[in-house]
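Asker: Taken in sequence, the protein lines are chains A and B. Note that the numbering used here has the first sequence beginning at 144, numbered continuously upward. Note that the numbering used here has the second sequence beginning at 552, numbered continuously upward.
Just so you know, not all the hints are guaranteed correct.
[Claimed, not checked] Derived list of chain B stretches under chain A, where covered just means 3 residues or more per stretch with a C-beta under 8 Å from a C-beta of chain A:
id, stretch
1, 574-580
2, 584-593
3, 646-653
4, 687-695
5, 731-744
[Unchecked claim] With the C-beta cut set under 10 Å, the calculated list includes, among others, these residues of chain B facing chain A:
id, residue
6, 666
7, 747
8, 751
9, 777
None of these hints come from the bench; they were simulated from the model. Quantities reported herein were computed from a predicted structural model and do not represent experimental measurements. The beta carbon of each residue, even a glycine, is placed where N, CA and C say it ideally should be.
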Amino acid sequence: MSAVPARGSRRPDLPFAASPAFALASLPVLAFFAVFIGWLAVISLFKPSVFAVYTADFTLENYIKVFTSRIYYTALLRSIWLSALSTVFTVLIAYPIAYHICRWAGRLKGAYIAIVASVFLVTFVIKIYAWQILLERAGLVDRLLQLLGLTQGPTRLIGTETGILIGLVYASLPYMILSLITAVEKVPRDVEHAAAVSGAPPLTVFRTVTLPLTMPGIVTGALFTFALNVAAFIVPALLGGGTITMAGLLIQRVSVGVGTAGGNWPLAAALSVVLLVISALFSLGLVRVFSSRRWRLAA
Amino acid sequence: MMVLSRSPAARAARILARCAFYVGMIFLILPIVVVVISSFTAGDVVSFPPQGWSTRWYGIAAGRQDFLSSLWLTLVLAVVVTFISLVLGLITALTIVRGRYRGRGALSVAALAPLFVPNVVIGFAALPVMAAIGLLGSIWAVLIAYVIIVFPMIVRALIGTIESLNSSTEEAARVFGATPLRAFLTVTLPLAARGIFAGAIFSFVAVLDEAVIIAFIGGTNTVTFPMRLFSYIAETYDPVASVFATLMIVATTALMLVLDRLIGFERLGSNR
Numbered sequence: 144m145s146a147v148p149a150r151g152s153r154r155p156d157l158p159f160a161a162s163p164a165f166a167l168a169s170l171p172v173l174a175f176f177a178v179f180i181g182w183l184a185v186i187s188l189f190k191p192s193v194f195a196v197y198t199a200d201f202t203l204e205n206y207i208k209v210f211t212s213r214i215y216y217t218a219l220l221r222s223i224w225l226s227a228l229s230t231v232f233t234v235l236i237a238y239p240i241a242y243h244i245c246r247w248a249g250r251l252k253g254a255y256i257a258i259v260a261s262v263f264l265v266t267f268v269i270k271i272y273a274w275q276i277l278l279e280r281a282g283l284v285d286r287l288l289q290l291l292g293l294t295q296g297p298t299r300l301i302g303t304e305t306g307i308l309i310g311l312v313y314a315s316l317p318y319m320i321l322s323l324i325t326a327v328e329k330v331p332r333d334v335e336h337a338a339a340v341s342g343a344p345p346l347t348v349f350r351t352v353t354l355p356l357t358m359p360g361i362v363t364g365a366l367f368t369f370a371l372n373v374a375a376f377i378v379p380a381l382l383g384g385g386t387i388t389m390a391g392l393l394i395q396r397v398s399v400g401v402g403t404a405g406g407n408w409p410l411a412a413a414l415s416v417v418l419l420v421i422s423a424l425f426s427l428g429l430v431r432v433f434s435s436r437r438w439r440l441a442a
Numbered sequence: 552m553m554v555l556s557r558s559p560a561a562r563a564a565r566i567l568a569r570c571a572f573y574v575g576m577i578f579l580i581l582p583i584v585v586v587v588i589s590s591f592t593a594g595d596v597v598s599f600p601p602q603g604w605s606t607r608w609y610g611i612a613a614g615r616q617d618f619l620s621s622l623w624l625t626l627v628l629a630v631v632v633t634f635i636s637l638v639l640g641l642i643t644a645l646t647i648v649r650g651r652y653r654g655r656g657a658l659s660v661a662a663l664a665p666l667f668v669p670n671v672v673i674g675f676a677a678l679p680v681m682a683a684i685g686l687l688g689s690i691w692a693v694l695i696a697y698v699i700i701v702f703p704m705i706v707r708a709l710i711g712t713i714e715s716l717n718s719s720t721e722e723a724a725r726v727f728g729a730t731p732l733r734a735f736l737t738v739t740l741p742l743a744a745r746g747i748f749a750g751a752i753f754s755f756v757a758v759l760d761e762a763v764i765i766a767f768i769g770g771t772n773t774v775t776f777p778m779r780l781f782s783y784i785a786e787t788y789d790p791v792a793s794v795f796a797t798l799m800i801v802a803t804t805a806l807m808l809v810l811d812r813l814i815g816f817e818r819l820g821s822n823r
């Protein structure tokens, strides 16, 4: 076998699969992936055509359109804004849940984690379907708002940014909680205890010990949440009420065409490339910021 | 914990945190409960609270061939995608961890790269390629696209599993004359079985979950269950959707219990 070194077939110094030949297993997947993304970039640089998929005329028109045409840049900005906002809310809601489960839940800890994990595994579409039911006019949320006197008369939250935001937060919440549970679990109690014994009040212990040490977990969860939500498709499709678009939804609408007009693949490709760059830059940027400073100690 | 309730500020903070926990848990659980309850309505439209109780929608759902065949298609697809991704992913993860050659680092970056590409971008990127090679709308297009998104998840999960395995037992087997392949299959593979099985479940769930890529390349003949549900609830508002959603919730909860047995809950968060 090629994995065996020439020095002698019984030498155990090279384990199974040490040979570069085994890297070939990834080739079919990576080749398809490279062609997908490569062709996407190529198409985005050509003029759209009414009759064919695209014409062979090189142009930057598609990108210019994405950044100057109101419908496209609004959708992009809304995607960035809503996913940033949803990331903040998700962290704020998830942190007390994760902290309580790790530190104060006692015997119920396993049961709570089981509940979070169950919601995590529920099919994405079903999670958003639930909010379709809840946010409808005369739905549970509407009734609750009226009961609390926050709204007068029936309100339909579907088709509003608030409705989309709720969907985005809900969809990423279980992952964030699980990510934070792992982070809080890693904080050594001795360190918290030492700080407390040295006279630090509980809130100071949390602020100076627990919170910084769980920062890597917050970052991991935030990365995932932002990347997932900036490209959201299902949430705006179901909770956007047909009026509020986000970049992911727009890519699909532009690619299949609206009404009688055919799809504009070059424009959809330009939108995809921009969305991909935003999502990748954000991920890499966050990783760099947090891995370069004091948080490295905690990881 | 021992000194927590000393100052009023700390006490207030703790009460606040506890409230946030209970409110948060209600926010987490309530929507799922609402879906389950809405499937038992006697009314003709989905509403909460339901208009009377009945299981008649379960009878109606049992006759929905479109949903049932979508479910079957999704299960088959999930099995095949998982199998292919596991075989390719296991070999790739092994050579990433154990390889002694240049370019190994580049391979691990390349193998995990699809994780950073949003599904909506992969879905649209697949569209012109699949159209060009004549696979658009076929099960093959979906299969290829799904292996692309599941493969890096499996590689990532298995890199951790393989790194945690001590290779000395495998080396011992080889000292006693086993071939590298045999030593791997009989010694290391069984030790990695839990990680592999957990990876398989994550892959399965990813396929059950996916309704974005399929919206681009699935066409009308290849409608998976999440896609069927997605297009159904985008247009119709009857409790058939709630019935199938409830069945799915039950199924994924069962999967969760299996996962718990396999890897324990503490490790679940670090796995995906």
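Asker: If a hint holds in the structure, say so; if it does not, say that too.
Answerer: Hints, verified against the model:
1. 574-580: Per the Cβ count (5), the hint holds.
2. 584-593: holds (count 3)
3. 646-653: With 5 residues in contact (Cβ-Cβ under 8 Å with chain A), the coverage given for the stretch 646-653 of chain B holds.
4. 687-695: violated (count 1)
5. 731-744: This one holds; 5 residues, not fewer than the three required, reach chain A with a Cβ under 8 Å.
6. 666: Hint on residue 666 of chain B: holds, closest Cβ of chain A at ~9 Å, below 10 Å.
7. 747: With Cβ-Cβ at 15 Å, over 10 Å, it is violated.
8. 751: 14 Å, violated
9. 777: 5 Å, holds
Hints 4, 7, 8 from the list above are not met by this structure, while the remaining hints are.
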